[in-house]
Structures are given as structure tokens and as C-alpha cells.
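Chain order of the listed sequences is A and B.
Quick note: the first sequence uses this note's numbering, first residue 1, plus one each step.
Quick note: the second sequence uses this note's numbering, first residue 80, plus one each step.
To be clear, the hints were calculated from the coordinates, so they are not data collected in a lab.
Computed from a predicted model, the values in this text were never measured in an experiment.
Some hints here could point you the wrong way.
No more than 27 Å apart at the CA atoms, straight line, and that leaves these computed lysine-lysine pairs for DSS-like [as the list claims (entries may be wrong)]:
(1) LYS10(A) with LYS215(B)
(2) LYS207(B) with LYS187(B)
(3) LYS143(B) with LYS2(A)
(4) LYS34(A) with LYS63(A)
(5) LYS34(A) with LYS81(B)
(6) LYS11(A) with LYS106(B)
(7) LYS57(A) with LYS152(B)
(8) LYS143(B) with LYS75(A)
(9) LYS237(B) with LYS81(B)
(10) LYS187(B) with LYS210(B)
(11) LYS236(B) with LYS19(A)
(12) LYS273(B) with LYS237(B)
(13) LYS63(A) with LYS113(B)
(14) LYS152(B) with LYS272(B)
(15) LYS207(B) with LYS237(B)
(16) LYS187(B) with LYS177(B)
(17) LYS53(A) with LYS64(A)
(18) LYS53(A) with LYS143(B)
(19) LYS184(B) with LYS40(A)
(20) LYS143(B) with LYS40(A)
(21) LYS191(B) with LYS10(A)
(22) LYS102(B) with LYS177(B)
(23) LYS143(B) with LYS57(A)
(24) LYS64(A) with LYS101(B)
(25) LYS187(B) with LYS119(B)
(26) LYS191(B) with LYS207(B)
(27) LYS207(B) with LYS249(B)
(28) LYS191(B) with LYS210(B)
(29) LYS215(B) with LYS184(B)
(30) LYS113(B) with LYS64(A)
(31) LYS177(B) with LYS10(A)
(32) LYS113(B) with LYS57(A)
(33) LYS57(A) with LYS11(A)
(34) LYS34(A) with LYS184(B)
(35) LYS102(B) with LYS119(B)
Sample of chain B residues at the chain A side, in silico, Cβ under 10 Å [said to hold, decoys possible]:
(36) ILE140
(37) GLY142
(38) THR171
(39) GLU172
(40) GLY260
Every residue, glycine too, gets a C-beta built ideally from N, C-alpha and C.
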Amino acid sequence: MKFSITVTLKKDVLDPQGKVVQNTLINLGMNSLKTVRQGKYFEIEVDETDQAKAEKKVDEMCKKLLANLTIEDYKINNL
Amino acid sequence: MKSSVIVFPGSNCDRDIAVALKKMQFKNQMVWHKETKLPKSDLIVVPGGFSYGDYLRSGAIAGKSLIIEEVIKNANDGCLVLGICNGFQILTETGLLKGTLLRNKNLKFINKDIHVKVINNETNFSNKYNKDQVLKINIAHNEGNFFTDNSHLEELKKNNLIAFKYCNDKGDINYDSNPNGSLENIAGIYNNKKNILGMMPHPERMVDSLISNTDGANLFASLMN
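Looking at chain A on its own, in the form it has when it is part of the complex (with noise of 0.2 Å):
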């Protein structure tokens, strides 16, 4: 079963690099913009037929290495 994961900053979490790539955004003309947050992607698969153990897996990698909970939210995706 293949997972996509993407690791964002937590909301409170000042995210530097968000904030130059929406500067830019905005002197390309970019107007209507509000706000940018920049995260990580990660697509993992894993030799598991039950969607429900799989999952379980994949929350275990992102608790364990993928993501620092101190700053960081995860969501977990099927692909």
C-alpha cells in the first residue's frame, strides 16, 4: 500500500522560508495572495494488504522519525 505524507509547521511555528517564497510570490504580482507555509513530502510504501495495520505503520514512522511533533503537524494520505 502506497501513503503520501505531508509534514507541515505547526501554525504558531514561525516558518522563515514560507514567508521569503511568499515575498517573492507577491513582487511576481502575485496580489491576491495571502499566506505561504513550506512543509516536507514524503511517498512511502509498505508490504501491508490491511488498510487499518498500514496505516498504523506509517503514523508509527511519522511519530517516530518524520516529523518533530514540537513543531511539526503530519497528515497521512492513501495514494
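Guided by the hints, dock chain B onto chain A, whose structure is given.
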């Protein structure tokens, strides 16, 4: 006093700290990250550098390496642990220290001599310093912007767990003397038992007046005390 310096692929301050430890009379051993046994040590140093090329997050991969389980076990048994720069980042990734180091606020790698104030001078790491003593010390990092949640920040203040704060040469702690956007100018913190110190500045670079100054020497002298 016996010390061990953990070496990861990408560590680059491991030899500097080894030289400093030797100069300060430690019996030091270098320990490769793939080892599963740690030599008997009174002090474990997690050195600065760019372990695993900062992949994923600074310190994230090193924080899950084989030797780290031993470091955690020893730390929980009361062994002294010092994490400098990338070592501080690694200690937060292991959970031995709470909080995290974010990208510098100005998005730039900063390598310069700055000033820090000794906030707590009553620990195994700081007893040779005076309270509020101002040290001139080098920083060299891209992710040194200390961040933590409010409850941990309160805990740090209440239990006197803030080791150093960035200040100017007069000792003023303010926005202008904060090089990287660190929460409340925090440059180094202890765990609750005060046997673990994580700090972004490099004391091992300040032990010889020929190349810098000796403001870092008393940290090692404190440990020896």
C-alpha cells in the same frame, strides 16, 4: 575524569573537542556511532557538525543511531552529557532535552564570536563561572533558533534550567543581542536533573588564547571540579 566523544558521519567539531578535553586533563575516547557499547565515561560529548548532512532535520538521523540508545541509558543513570551545536540539536531529537532548534530567523548561516551570559552558575558544567558573567564565544550554525512550548519555557525558568542567554558585550539581553531569533535569547539549556547541557555556542573553540580566548575553558574546568 573519563570522557567519550560520539562521532557521526558529518561531525566536524569532534577533533576540536577532543583537543580541548585533552588540554583540560580528560582521558578521552572517540566512539563511532555504529558502536553499541559505550566505554565507561563520566562525560559524554555529542559534538558539533553536520551529522548525516542535516538530512530530514538537523540531528534527526543521528538522534536515532545505534550508539544513541547507550547515550540515553547512561544519561538516565546520571552520566554528564554535553551537546554542542549539532550535538544540542541531536539531544533534542533524542528527547533527552525538550524543545527544538529552528532555522535562524534571518535564514543565514551565522559564524561569528558573540556574547552569552551565564544564567545558572551552580551546575557541574558552570560552577567555575560567576553568575551573570559575560563570555565571548563562537557560534557557527544555521539552525540555532531555540523554540519550545510555553509549559516547557515556564519549567526552564522556574527550575533555573537556562544555562546561557545571548547578550551584548555589556551583558544586555535584548532583541539586538539575539543572533538567531532564539526564544528569550536562550543559547543553552539543562534537563531537569541538570546532568545534560545542550548549547549552541562552541566552548571547545575558546580554550586557547593563541587562536581565540579562554572563555570556554571554565566549562571544562567546572566539569573537572
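Exercise. Tell me, which hint numbers fail for this structure?
Worked result: Of the numbered hints, 1, 2, 4, 5, 6, 9, 10, 11, 21, 22, 24 and 25 do not hold.
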